[in-house]
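**Q** Here is how the chains run, residue by residue.
2 protein chains.
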Amino acid sequence: MNALLIYSGGMDSTTLLYQYQQDIRLAVSFHYGSKHNDREISYAEMNCKKLGIEYLTIHLDFINHYFKSSLLQSGGDIPEGHYADENMKQTIVPFRNGIMLSIAVGLAESRDLDAVLLGNHFGDHAIYPDCRRSFIDAFADAAREGTVKGVQVISPYCDISKRDIALIGQSLHVDFAATYSCYKGGEKHCGKCGTCVERKEALEGFDPTVYEA
Amino acid sequence: MNALLIYSGGMDSTTLLYQYQQDIRLAVSFHYGSKHNDREISYAEMNCKKLGIEYLTIHLDFINHYFKSSLLQSGGDIPEGHYADENMKQTIVPFRNGIMLSIAVGLAESRDLDAVLLGNHFGDHAIYPDCRRSFIDAFADAAREGTVKGVQVISPYCDISKRDIALIGQSLHVDFAATYSCYKGGEKHCGKCGTCVERKEALEGFDPTVYEA
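Which chain is which? The protein sequence lines are A and B, in order. Mapping of the first sequence onto this note's numbering: position 151 corresponds to residue 1546, and the numbering continues sequentially without gaps. Mapping of the second sequence onto this note's numbering: position 94 corresponds to residue 1489, and the numbering continues sequentially without gaps.
These aren't lab readings, by the way, just hints derived from the structure by calculation. Hints are supplied without guarantee of correctness; some may be wrong.
What the hints assert, rightly or not - Computed far set for chain B versus chain A, every beta-carbon distance over 12 Å: (1) Glu1475; (2) Asp1525; (3) Ala1533; (4) Ile1563; (5) Ser1566; (6) Leu1567; (7) His1568; (8) Ala1572; (9) Glu1596; (10) Gly1600; (11) Phe1601.
Unchecked claim - Not everything, but these chain A residues come out facing chain B in the computed CB check (under 7 Å): (12) Val1500; (13) Leu1502; (14) Glu1504; (15) Asp1536; (16) Leu1567; (17) Phe1571.
What the hints assert, rightly or not - Ranges of calculated distance between the beta carbons of each label pair, as one might list FRET restraints: (18) B/Lys1544 <-> A/Met1441: 31 to 39 Å; (19) B/Lys1544 <-> A/Arg1528: 18 to 26 Å; (20) B/Lys1587 <-> A/Ser1469: 40 to 48 Å; (21) A/Gly1545 <-> B/Val1543: 54 to 62 Å; (22) B/Ser1566 <-> A/Arg1528: 42 to 50 Å.
All C-beta atoms in this analysis are idealised placements derived from N, C-alpha and C, irrespective of residue type, glycine included.
Build the full structure now, drawing on both the sequences and the hints.
**A** In structure tokens form, the structure reads like this:
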């Protein structure tokens, strides 16, 4: 397989980067103006350099300009609490995965690559509609039908938990200290926002993260 | 219905603008670096102003930077001949409709709109996979599943010809002189590229276009 990885620099897509490193010809980060984009992306670039994988960042300024979400620099404060809580819905960036996948599919077709890899997982489903199996399957059909080559969309972690991903990563010797999750985007992980709470739970027993709290 | 129109400034989407003007809350053009983008977009803005419809342009610079297509400023010469000819495949911008639709769906959800309108038509199918019914239907499923609101994707002209659209436009008193099609992007329509040939055939009998040839 010749694949393009949608790569945030978080622990899930970094595990994908390690797991599929033989197949990945290009890793792409999207800079869409989230509070934690810059920090995530610096880890993404670093990990690709380490594994010798071509890497690029695509800027999507229109999202921060025109979309509403507390995840964005233009949005309100990041809520604290558990990832599955109702107030985490403020952090939805509408159809973000649809947008990233579409651009990735077009770029894959331009580069004659067969597939796009996305690191969404089962724990995302409670909050984010564009992380669910029903979305991924429909989008995969659209990508196949809408390209000359029939580009595939592959979501290897769609039906497993973040804990499962952490265990896969551990077995692959992923350096989780070189990944970033916190929605607040500070130098250290805050340890309190939904995604930090989720990270802690997933990495329990082998967590190298230095949290603020 | 509260809809967002993907609006190029060509004759098909201008006919959609007129036909659904009561439902359209926002029209969006995408500037992705095609040779004819600037000229198309100036008509799009003018027509929205005339009908009192909110309008914005979203720049997608990454397409011209990273994608391969003779339609782009970064690509080779636009082929001449008939729209359905084999050499017109050079003008495919990979997954362009997927990319524009995804952004439109996210923006519609951000603005609490119900639907996205796209003006693809039956004559596009021979060349462009992301204009076919199978793509549109799969993408519509993805948009519904991937948004909280269940944003609809509506393609009213997917199963009719450009001639049929021209006749609808004529009945709605669309000013076709205030639309632009030519892939070469010159001041006058060239009259020779695939999309000019197609425009001439569609508007036969009531074509106000001044062609170069």
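**Q** Using the Cβ atoms, figure out if B/Lys1544 sits within 18 to 26 Å of A/Arg1528.
**A** holds, 19 Å
**Q** Confirm or reject the claim that B/Ser1566 and A/Arg1528 have a C-beta distance inside 42 to 50 Å.
**A** This hint holds: roughly 44 Å between Cβ atoms.
**Q** So B/Glu1596 supposedly isn't at the interface. Is its beta-carbon more than 12 Å from every beta-carbon in chain A?
**A** holds, 25 Å
**Q** Once the closest CB in chain A is found, is it more than 12 Å from B/Phe1601?
**A** holds, 33 Å
**Q** Hint says 54 to 62 Å; check whether the CB-CB distance for A/Gly1545 and B/Val1543 agrees.
**A** violated, 30 Å
**Q** Checking a non-interface call: every C-beta of chain A should be farther than 12 Å from the C-beta of B/His1568. Is that right?
**A** holds, 32 Å
**Q** Using Cβ atoms only, decide whether A/Val1500 comes closer than 7 Å to chain B, and label the hint accordingly.
**A** holds, 5 Å
**Q** Is the claim that B/Leu1567 lies outside the interface with chain A correct, judged by CB distances over 12 Å?
**A** holds, 29 Å
**Q** Do the numbers back the hint for A/Leu1502, that is, is its least Cβ distance to chain B under 7 Å?
**A** holds, 6 Å
**Q** Just double-check B/Glu1475 for me: nearest Cβ-Cβ distance to chain A has to come out over 12 Å.
**A** Holds: least Cβ distance 22 Å, greater than 12 Å.
**Q** Double-check A/Phe1571 for me: the hint is only fine if its C-beta lies closer than 7 Å to a C-beta in chain B.
**A** violated, 29 Å
**Q** Holds or violated: is the Cβ of B/Ala1572 farther than 12 Å from all Cβ atoms of chain A?
**A** holds, 31 Å
Taken one by one, the earlier hints fail for this structure at numbers 2, 3, 16, 17 and 21, listed in ascending order.
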